[in-house]
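Based on the sequences and whatever the hints tell you, model everything.
Respectively, the protein sequence lines represent chains A and B.
Taking our numbering, the leading residue of the first sequence gets 246, the next gets one more, and so forth.
Taking our numbering, the leading residue of the second sequence gets 4, the next gets one more, and so forth.
No wet-lab data here; the hints were simulated from the structure.
Certain hints may be false.
Stretch-level coverage of chain A by chain B, calculated; a stretch enters the list once three of its residues show a Cβ under 8 Å from a Cβ in chain B [as the list claims (entries may be wrong)]:
1. 323-334
2. 367-380
3. 386-392
A few chain A residues facing chain B, derived, Cβ under 8 Å [claimed, not checked]:
4. ILE294
5. PRO349
6. THR352
Being a predicted model, the structure only gives us computed values, none of them experimental.
Glycine is no exception: its CB is placed at the ideal position from the N, C-alpha and C atoms.
Below, each chain spelled out in residue letters.
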Amino acid sequence: MNTFKQLFFVLACVSLLFACKNENQEASTTSTVTETEKTTTERSGQAFIEDDEATPNCLQIAIGSPDHKTLVAAVQAAQVENALVNVGPLTVFAPTDAAFAALPEGTIDDLLKPENKEVLANILKYHVTPGNLSTSILTKLPKLGQANNQYVQVEVVDGKPVIGGANIIASVKAGNGIVHVVDKVLLPPTEEK
Amino acid sequence: MKNILKSVAALVTVLIAFTSCDDTKKSNAKSGALSSNVAEKVYVAPGEHDEFYAFISGGYSGNLTVYGLPSGRMFKEIPVFSQFPTSGYGYSEETKPMLNTSHGFIPWGDSHHPDISQTNGEIDGRFIFINENNTPRIAKIDLKTFETTEIIEVPNSAGNHSSSFVTENTEYVVAGTRFSVPVPQRDMPIKDYKGNFQGALSFISVEPEHGHMDIKFQVLMPGFNYDLAHPGRGASHGWFFFSTYNTEEASTLLEVNASQNDKDFIAAINWKKIEEYVNNGGGTMMPAEYAHNVYDEATHTATSTMKKEVLVVNPSEVPGAVYLLPTPKSPHGCDVDPSGEYIIGNGKLSANLTVHSFKNMLAAIEDKKFAGDAYGIPILNFEDVLAGVVEQAGLGPLHTEFDANGNAYTTFFISSEVVKWKLGTWEVLDRQPTYYSVGHLTIPGGNSRKPQGKYMFAMNKITKDRYLPTGPELEHSAQLYDISGDKMELLLDFPTHGEPHYAAAMKADLIKERSQKIYDLEDNKHPYAAFSDDDTKVVRDGNNVHIYMTTIRSHFSPDNIEGIKVGDKVYFHVTNLEQDFDVPHGFAVIGQNTSELLIMPGQTKTSVWEPTKVGVWPFYCTDFCSALHQEMQGYIRVSPANANTPLKWSMGEDIE
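Here is the structure:
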């Protein structure tokens, strides 16, 4: 009986040893998780909150549009999602897939490369104005200060605002501002910095 | 067999001890490098104290909350501009005058920027000042008692936003107007704003011993919006800097019309020069109406005085006292680094930060290099005063604070992050997201010559999914970061109360040592105080009945009162006779249409009760004061208006 008890003790100790090893394994799993979390902080923030009650924001509108696949891909590649979902208010000029397709061949593929993330982000920010600007307000403004810190000129042609040469095809009110669908990609002027 | 087994067991145990110990160390080191022990960094063991106090503005709650760092625990809500039924502030007869203004009694306020008093450019923890935005006022809170002891209204001001920041020796607490308005106020068309409205920047002197406030002078500036301000320090002591926007002087759709100019200004005010001017009889005394409310700690009572005039100065009267520094895109924050050399203007519609140099400014003034003037105030050249630009640091820069190692930390509202950058080289060193859309940030002592560093916390405007949901209305979130290393590290996420508009924080030691525990009964000079059970009485004066009442564990004296009639105005003057730390008593009576009272040891407070119904009505202690708290009660008999019930009171015996 006594021997049994002692044997049991030894076994218990041995299993403890294993348990201990297991714990260590767990610990290393945890650190991998932490690592994963770290890499995904870029995928956290307001853009990733699930919310089907509120009016869609500028990003959700773009994602929901069949004509803005390139724009959405670009936004995701540049990781500027969170800039489009904050309380703003924001005015977003959203070039259609056709507008992106009109760029010189290879431009988009080039911009979507990871090494061009900053350039792409700069171009995308050039499509965002702080402020909720309707088409009628836009006709009253000579230029807009864009989120990338550069200006875009506004002309009025036939009573309608033309933004850096781009025509507004349609406008959609967003929960955090307004999205103007445009027929041309706005390219930031290079001389001004 | 037995012995062998024993030794095997022993060996195995030893092995386990070794292996487990070893492995634990290893795995700790591993996870330490990756995730570090964040919980440990914010853990304050039960009974231990936090290292820092944080005084977080309650925004539209009108109050100021007191937190501990790094735990993020809230210790107190200090009532300042809003009625507070918890203690009776703004309801009790003694504190109602605190909320008096030239617009009458205002039960609410919008508190914004707390700032702790300073000596030689270092925060001294004596007083904390905070501004009320809506009906312009500045309050002083005594950090010995953590109570609001003074409130001064600011005339000629509207949207008191670029306030309440103190100079290096608390010579002044400064209050700038957000809205420009007609000065003096008058009936005029709104469309005539441009050129006619003015912006008043008020310099409120602070008397060194008690901190009593008095408006020394107001500088009447052009009709821009004055957004934020900070004092010069060190070499720039004697100057004050205010950010401006709407230099377009628009009065409608400002979100578009106030964003037309590429650059607005930071206004640099040489207040020492203006002080000298007014000390020599300069300036114009103009009629005004503003309340000055002072709480007397001896009588436990506030008095409100209506002031009738204020001294105003036009910048043109004092040449060389005011300059304008062009600053891009509607600058919001206007922050001065610990050395006093750099003035940071955060253009909220810009992606860059603009840093001006105080030395460059003085040199440009010396050389008289002006780009023009606005209403006679010289405008300096942007390039002449510029020290550097932090390029493309983020979107929507708002506010900057500093550590003691030459680093600055700026909040970006649109890109929702805090960016750490180096003063002098303007390089971005680190960025951390905030959750979400950060407004102000605070570093203990970050607005003084000697930042105390270690922590920074970001106060956000948007909470969304950060905590368990509580319906559409959420408290705002704040995040605490460790800034002792090269990179900022997020430690804690904690909810705040009201709108955590801005905060001031400092090491706890100074304040902790001075914090008062009780009010000495011997110093109580309240005219209706009673100092023992025998002192108590009930006095009728027409329809007014004054009850001189005491509380001590666990009874009221008197606790039976008769002879009150419907239509009487009954004043319960309750003195808490306790002289023991943390033994307040409360006072509540049925149908009390003000609020309860919470009376600290040695204090006297008064609640007015106007009974409308005949009956025998109870009153009781609301604070769980003692084991016999539920016994701490009394009755007040209310007879019809025409009754002849004699006025009598008792405690411990029946009223015959």
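Here is what the structure says about each hint:
| no. | hint | result |
| --- | --- | --- |
| 1 | 323-334 | holds (count 6) |
| 2 | 367-380 | holds (count 5) |
| 3 | 386-392 | holds (count 3) |
| 4 | ILE294 | holds, 5 Å |
| 5 | PRO349 | violated, 26 Å |
| 6 | THR352 | violated, 22 Å |
Violated hints, in rising order: 5, 6; the structure is consistent with all others.
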